[in-house]
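**Q** Letter by letter, the chains look like this.
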Amino acid sequence: MNFIAVLNGREAEIGITKRRPSLALRIGDRSIEVEECAAEDGAFEIVVDGKRHRGWRYQSGTELFLRLGNRSFVLDVLDRHAGAGGAGGAGNELRAEMPGTVVDIACSPGATVTAGQALLTIESMKMQMVVAAPFDAIVETIHVAPNASFERKALLVSLKPV
Amino acid sequence: MSRLKSAIRPEGDEFRRRYAHNKARIAEFRSLQEAARLIRPQRDLDRMAAQGKMRPRERLEKLLDPGTPFLEFSTLAANRAYGGESPGASCITGIGIVSGQEVVIHADDALVKGGAWYPLTVKKIVRALDIAIENRLPVVHLCDSAGGQLQLQSEVFPDKYMAGRMFRNQSILSKLGVKQLALVFGQCTAGGAYIPALSDYNVIVRGTGAVFLAGPPLVKAATGEIVSADDLGGCDLHTGTSGVCDYPAETEEHAIVIGREIVAQWERPKKFLMPQDAPEAPFYDPDELYGIIPDDIKKAFDIREVIARLVDGSRFHEYQPAYGTTLVCGYANLWGYRVGILGNNGVLFNESALKGAHFIELCNQNNTPLVFLQNITGYMVGRDYEAAGICKDGAKMIMAQSCSPVPKLTVMCHASFGAGNYGMCGRAFDGRFLFSWPNHQIGVMGGEQAANTLAEVKLRQMARDGAVDPAIADEVKRKTLEAFNDQLSAYYSTSELWDDGMLDPVDTRNALGIALSAAASAPLGVPGYGVFRM
Amino acid sequence: MFTKVLVANRGEIACRIFRTLRQLGIGSVAVYHHDDRNAPHVSLADEAIELQGAVPSAAYLDRAQIVAACRRSGAEAIHPGYGFLSENADFSGFVAESGLVFIGPEAETIRLMGDKIGSRNFAASQGVPVAPSVIQHGDLAEFVAAAEAIGFPLLIKASAGGGGKGMKIARSAAELAENARLAQGEAERYFRDGRIYAERLIERPRHIEVQVLGDGTGTVLHLYERECSIQRRYQKIIEEAPAANLPTALRDEICAAAVKLASAARYKNAGTIEFVLAPDGAFYFLEMNTRLQVEHPVTEAILGLDLVAEQIGIAAGLGLSFAQADLVPNGHAIECRICAEEPEKDFRPATGRIGRLRIPGGEGIRFDGGIREGQAVTPAFDSMLAKLIAHAPTRDEAAERLAAAVDALVILGVPVNADYLGRILRHPAFLDGQLHTGFIAEHATALAAPALSAELEAALFAAAALGDKDFRRSIFAVPEPHASIGAWRN
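Chains as they are written, first to last, in the numbering used here: chain A, 1 to 162; chain B, 163 to 696; chain C, 697 to 1186.
The hints are simulated quantities; they were obtained by calculation from the structure and are not laboratory data. These numbers were taken from a predicted model, which means no experiment stands behind them. It is possible that some hints are incorrect.
To be verified - Pairs of lysine to aspartate or glutamate residues, derived as EDC-like cross-links and limited to a Cα-Cα distance of at most 16 Å, are as follows:
id	chain 1	residue 1	chain 2	residue 2
1	A	K51	C	E743
2	B	K460	B	E176
3	C	K1165	B	E423
4	A	K153	B	D398
5	B	K275	B	D206
6	C	K1165	A	E36
7	B	K224	A	E13
8	B	K337	B	D362
9	B	K275	B	E247
Said to hold, decoys possible - Okay, the calculated beta carbon distance ranges per label pair:
id	chain 1	residue 1	chain 2	residue 2	range
10	A	G69	C	E1059	15 to 23 Å
11	C	L1148	A	T112	36 to 44 Å
12	A	T112	C	A1125	50 to 58 Å
13	C	D1166	B	L686	33 to 41 Å
14	A	A118	B	Q427	29 to 37 Å
Just so it is clear, CB atoms sit at the ideal spot from N, CA and C, and this is done for glycine as well.
Using the sequences and the hints given, assemble the complete structure.
**A** Now the structure itself:
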């Protein structure tokens, strides 16, 4: 898959056009020949279209700090679709995974909630669980009342993404 | 290994004439291929776009690793069938690289009648899965088909190698430990539902993907139940409730990203054949093939000139160079792999057949894959040859070839008439891959020969009956010629899937390289031969 | 001589002081807040004692804990470094009362010089030139009227202030009235002392300061001058010794004035007297800093001595170890301050983690840092991470050496101003010695990061991609012959 990085607010997609006998990369719509050379000291050395560059890199999270020659830059590495097996995405309806009762309701209709914020506490099989907002949203409807019992798959809360 | 010496004269008339002819022929071939790949009714293009779906080839390009080759099979399948309604037989198959893995790809082309399966579609898919089984290659299915063409159901459904064979092949692949991934982009209805169900992993796109044994119209007809496609067999139902599908994807792009991640986890296959050397481009320019291949099916050419433009460094180690000279046998490297090449230089004589059988045995003894370059019009005929036992000599070659445990690749370079096809590993002989050139012709005999033969037979018949009319014989000749010309053509052969695709001769080297790498993933067959009639 | 000294500071200055203590064979004690437990200064000392504090800086300002730690460790003296408690007269007194030695001036001296207005008056009384000014004595309207009388433009400052905080410029009567009111409010807020004063604003001033060492009896040596005109947000970022293109007579005058002032105060230990030098050659007393300054290494370089060693000697009662005649400057030294900030965003301080650190070496290069690879850079402390100093026979060579060292310096993981400093060091106006405190504003456009050429941008993205594990895998994971065949379709 292509590598996507953002520099100074501009996004660039880097792809591979050729691997042998020499590596050719496509950056945006220009094609460049790249050769990697050995370098000591934790540095890297690459030859791009005939010009040699020495530099260092350090990545922290999605921030990539790169020094090329005598200039330092910061890029953001994008991961468009982070992770396989996409997050449940059951959408905006939060349903009960097993039968139980409502212990506590911690939100109200119309409230704006952030991802991870607790919405309700339910109890099932002698265990209490917190139902949290999977994403930033506005609470549309709370379908259950305190102390109410519900069946498996029962609709608990409807959210509207923010 | 020494380099072959080329004897062509590029500045000569014959070369130039052939070059012009073949360049035109290839241009025609390429434009037909392009049309079969890309020209689709605007209405269908619009419909797919409106549904938020990507075109099949867009999905393919996103799936494949950038900067890697894709060897497409049978682009021109069904080009002579169904009134041209089914370009490519409504699907795309081939070998490509996904996340660094060699995989067989099968993609439904929903731009052709919703991707509905014609008889030749099924045949093409079954063939792709056979290739996967024989070469132990994992498979990625890009599913988006309306199911079998109802009107042609008798040719799609009931027989041994029809639709059911796809699912049988999927099961056998799984049994062999070869993985399959299905990406459900559209509706998988009825039999089609089994493709994702029988795949080890599958991904389904929310909204447009659906899997059901019976779609909404059938359900309504059967029980009166009215239900939408999404409710009946959509993403959330199958990933959340039924477990028929593994991964929900928000978009087609997302599905492809998930698919690539899945494939990235798969173990690399063990290779049973390894390249012996670093590859080396042929010394002679493959472009010269256009000046070597004749413009007439009856004309000959030296097969060594073809070999010189296929193999590494144009180096060739010829076996028994002085004996059975109408069959050229020898070793070469192709993309680094050591191969044993058999190429026709004329009709097969007793000696050539014996030499061929012996050489095949040598290759099997040395675990060397076989490459057959066919240009054969038949065996030598006549009493002397029959008396010398040409039947049993030909049989020995067939026996050796059929029982070969090594992978076999065949390229139809020119003629493939009659029994010569058999010894040289025609379709029936389970070669791993078989490709043909646009100038290729295949038939029990050449068109003119058949026309002459039948005209001769008619004349004899008329003579027996008493009224000889040369005009009638001529008519027989003309009609026969016409029919044969149609059915002898490489386009007809590829339409019927008698090959795995037509190739521009200059593409043959790359195609064989990819084929050899694919073939190397399966263990060699069980050694041993039947009885050689001595 | 002391057997053990405690350093009541952190970061690069603490590391630097420990280096001298080690060389002198004196035991060293570090103090640290929990957040600093992995900082380099902690492991550089012979022993380390943890201090408590709700926020990290509170620990380093807690005089009771510091003195207690000193007692506990058996150290006889405390070196306060710069910042924190170094100019806190009460602390100095408290240390002395506790029977320990404060490596620095007497408490009264600190108090005198800490009062901007008081110190100005003292300077004037000693005949040291001071800029025409007016001090606020209560009535703001009176102050405004008096200030107007000096003439515009005016600089309004907080009496108890420093570091550029609470300073305002007024070019007209209206601005004066408004800014005086604002400055008063800020002074109250930042320094808990609302007194302000106004003085004539010198345009294109140079910041010239003189390093002095006194033995407390009235004998004061000057260690020549430094120029610190390259400033941003009123803070120095490039300093040098000696000052660029300063006529000898003028230098002698300024140094003499500094000595006069310090000896009149019977100054003890190290200090720096700061002056403003106007384009016409007139110079005015600005303030005196009664501590070791950040930029002291450039003086050490041209004189070949160790100021911290001198400070310790004076504090131990050994007096000055040389005479004025012994001090002969040699060559030229320039220092630049490497700070965690983004020059292109108005020098906004940055945070992060020092993921990669590579310190330049070479002839005449000195790196004073208090950082190590893996260290977090937080808003808890000052944004200065390190100092890079170059010493060479001439000013041009020193600038070139320092620029090369800045190029070779690698700090990745937090934005730093190194590249920006390199551009200053190579700017023709800097090399020409056309320095003044508005240098950075004047050359803002030229000093901005040059546009990225398409070629460099491509190399950058290529380097970024080639460092990515998944991308590399997609390059090298493709088998043969596919990798060699490339993007082919039949």
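**Q** Evaluate each hint against the coordinates.
**A** Quick rundown of the hints versus the structure:
Of the pairs offered as hints, the one joining A/K51 and C/E743 is violated, with about 51 Å between alpha carbons and a cut-off of 16 Å exceeded. For the hint linking B/K460 to B/E176, the alpha-carbon distance of about 15 Å falls within 16 Å, and the restraint holds. This hinted pair checks out: C/K1165 and B/E423 have alpha carbons roughly 14 Å apart, not beyond 16 Å. This hinted pair checks out: A/K153 and B/D398 have alpha carbons roughly 13 Å apart, not beyond 16 Å.
At most 16 Å may separate the alpha-carbon atoms for a hinted pair to count; B/K275 and B/D206 meet this at roughly 8 Å. Taken as a hint, the C/K1165 and A/E36 pair is honoured in the structure, with Cα atoms around 15 Å apart against an allowance of 16 Å. Of the pairs offered as hints, the one joining B/K224 and A/E13 holds, with about 14 Å between alpha carbons and a cut-off of 16 Å not exceeded. With a CA separation close to 11 Å, the supplied pair B/K337 and B/D362 stays within the 16 Å bound.
Distance restraint check for B/K275 and B/E247: the Cα-Cα separation of roughly 8 Å lies within the 16 Å cut-off, and the hinted pair is therefore satisfied. A beta carbon spacing of about 22 Å between A/G69 and C/E1059 agrees with the range 15 to 23 Å that was offered as a hint. A hinted range of 36 to 44 Å holds for the C-beta pair C/L1148 and A/T112, which are about 40 Å apart. Roughly 54 Å separates the CB atoms of A/T112 and C/A1125, a value that falls within the hinted 50 to 58 Å.
The given range of 33 to 41 Å is respected by C/D1166 and B/L686, whose C-beta atoms sit roughly 35 Å from each other. For A/A118 and B/Q427, the hinted distance range of 29 to 37 Å is satisfied, since their beta carbons lie about 35 Å from each other.
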